[in-house]
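Visitor: Listed below are the residues making up each chain.
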Amino acid sequence: MEPIVQYKNIHKSFGDTHVLKGIDLDIYPGEKIAIIGPSGSGKTTIIRLLMTLEEPTDGDIYVAGKNLWKVERKGKMVPAKEKQLADVRKDIGMVFQHFNLFPHKTILDNCAMPLINVKKMKKGEAREMSKQMLDRVGLGDKYDAYPANLSGGQKQRVAMARALVMKPKIMLFDEVTSALDPELVGEVLEVIRDLAENDEMAMVLVTHEMDFALEIADRVLFLDEGVIAESGPADEVINKSDNPRLQGFLKRFRA
Amino acid sequence: MSYWSWETFMDALPIIITGLNVTLGLTVASFLLALAAGFVWLILESTPVKAFNFIVYWIREFIRSTPPIVQIFFLYFAWPMVPYVGTSFTPFVAAMLALGIHFSTYISEVYRSGIDSVDKGQWEAATALNFSVKDKWLTIVLPQAIPPTVPMLGNYLIILFKEVPLAATIGVVGILSIARSYGAQTWSYLEPLTIVALLFLMLSYPSALLVRALEKKMNRRFDKKKMKVKVTE
Chain A
1 MEPIVQYKNI HKSFGDTHVL KGIDLDIYPG EKIAIIGPSG SGKTTIIRLL
51 MTLEEPTDGD IYVAGKNLWK VERKGKMVPA KEKQLADVRK DIGMVFQHFN
101 LFPHKTILDN CAMPLINVKK MKKGEAREMS KQMLDRVGLG DKYDAYPANL
151 SGGQKQRVAM ARALVMKPKI MLFDEVTSAL DPELVGEVLE VIRDLAENDE
201 MAMVLVTHEM DFALEIADRV LFLDEGVIAE SGPADEVINK SDNPRLQGFL
251 KRFRA
Chain B
1 MSYWSWETFM DALPIIITGL NVTLGLTVAS FLLALAAGFV WLILESTPVK
51 AFNFIVYWIR EFIRSTPPIV QIFFLYFAWP MVPYVGTSFT PFVAAMLALG
101 IHFSTYISEV YRSGIDSVDK GQWEAATALN FSVKDKWLTI VLPQAIPPTV
151 PMLGNYLIIL FKEVPLAATI GVVGILSIAR SYGAQTWSYL EPLTIVALLF
201 LMLSYPSALL VRALEKKMNR RFDKKKMKVK VTE
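Residue numbers (full-length UniProt numbering), protein chains in the order written: chain A, 1 to 255; chain B, 1 to 233.
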């Protein structure tokens, strides 16, 4: 099977800080990947690059075989235009740590607006699809609520519905439970679990929920100081690795 | 010496009020120009060409740091003498251009603050959902950026209104000019100029109250949301 996403020797610096130091990574269709690692190790940056929120300093990312950031013109690789980025973004969705719902729209409009504006869907059809997706994440009784009137867990479920309704082939989760009160984490993980079990799309989760990673991920990546230090089946990386840095990280994490 | 005369007051009042058309017209025209030109500054200052943005920034800074009356004089007296582009304006148009452009430099700062108040995450979510640049601005950013700026814009409208009598210096016949010629003809300045002051007070003060109410409403709107969140969490 061909990978749907390929990172080739990706580097990323912010000013003098060299965050990613040569990332090579293949993501296969339908694969569920968890990225773990200490804060500042560049976990979030990896998925932000794929979402086109950051541009790599060096290296190439391919999505379905197409170079994401560059295009060939007259034999040279030049930066891609917005049109090419938009074309690739169609297949990628993202859920953020801080939800980033649109506060001036009802939650139904939060979901329906991208369908209407981006996918040029008819209003009625867009609202119908959005309702189904909100029902799926357990918010069928909140269509007309505004984000400010929801709890953190509810907001994050809306954010997932909003990303899902666009039918991405790859879904990125950026520490989606980190900003939540502990008692609200479960309801969000429940939705992700449902997706992991019943959905065909590839999922990449940046997470601090080790047990959850162990439960749903096909593969776990341990990111340390800007490189992928460990990669393999979840159980092997989390429970059986003898990498001292990883063991140190897990110990500190579980303490 | 003559003292206060109600007779003069009642005589001057209807005459001076006829000038409100021009005074208010100039205020509205200048303000609309300022609102539009404020956007133009924003766009000119965020082109991909850094050097160009830098030049525009200093032009704007220059206009903002120069007194409006100098700009009114420049446009009315000096502009017609500028080679190639120079052309003469009527007093009304010269005053409207000068005040409108002068205030646009402030208004663009207000817009900037409104846009900066929109969380970076809103842009990122819009990108992640693949919104076009146009849709990002029109459906996500501006609807959130504009409401908080309304009270500030209102304040600038009131300040602009009080600068409009400067136009009298180049012969725009608003309430101040009429009051002055009334004084010159009758040798009573006290009543007509008092009327001018009262008219300004009567128009500015309620507007200021309205702006304050708007300001409170904006603040309360956010409070209410915060409170509701607490209740549900």
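Treat the hints with care, as some may be off.
[As the list claims (entries may be wrong)] Simulated crosslink set (DMTMM-like; lysine to aspartate or glutamate; CA at most 25 angstroms straight-line):
| id | chain 1 | residue 1 | chain 2 | residue 2 |
| --- | --- | --- | --- | --- |
| 1 | A | 81 | B | 45 |
| 2 | B | 136 | A | 91 |
| 3 | A | 119 | B | 135 |
| 4 | A | 66 | B | 124 |
Everything labelled a hint here was simulated from the structure, so no lab data went into it. Quantities reported herein were computed from a predicted structural model and do not represent experimental measurements.
Visitor: Mind checking the alpha carbons of residue 119(A) and residue 135(B) for me, to see if they're no more than 25 angstroms apart?
Guide: holds (12 angstroms)
Visitor: Between residue 136(B) and residue 91(A), is the straight-line Cα distance small enough, at 25 angstroms or below?
Guide: OK: residue 136(B) and residue 91(A) at ~19 angstroms, within 25 angstroms.
Visitor: Would the hint linking residue 66(A) and residue 124(B) be met if the CA-CA limit is 25 angstroms?
Guide: holds (23 angstroms)
Visitor: What's the verdict on residue 81(A) and residue 45(B), does the C-alpha distance respect the 25 angstroms limit or exceed it?
Guide: It holds: about 22 angstroms lies between the C-alpha atoms, which stays within 25 angstroms.
Hint check: no violations occur; every hint is consistent with the structure.
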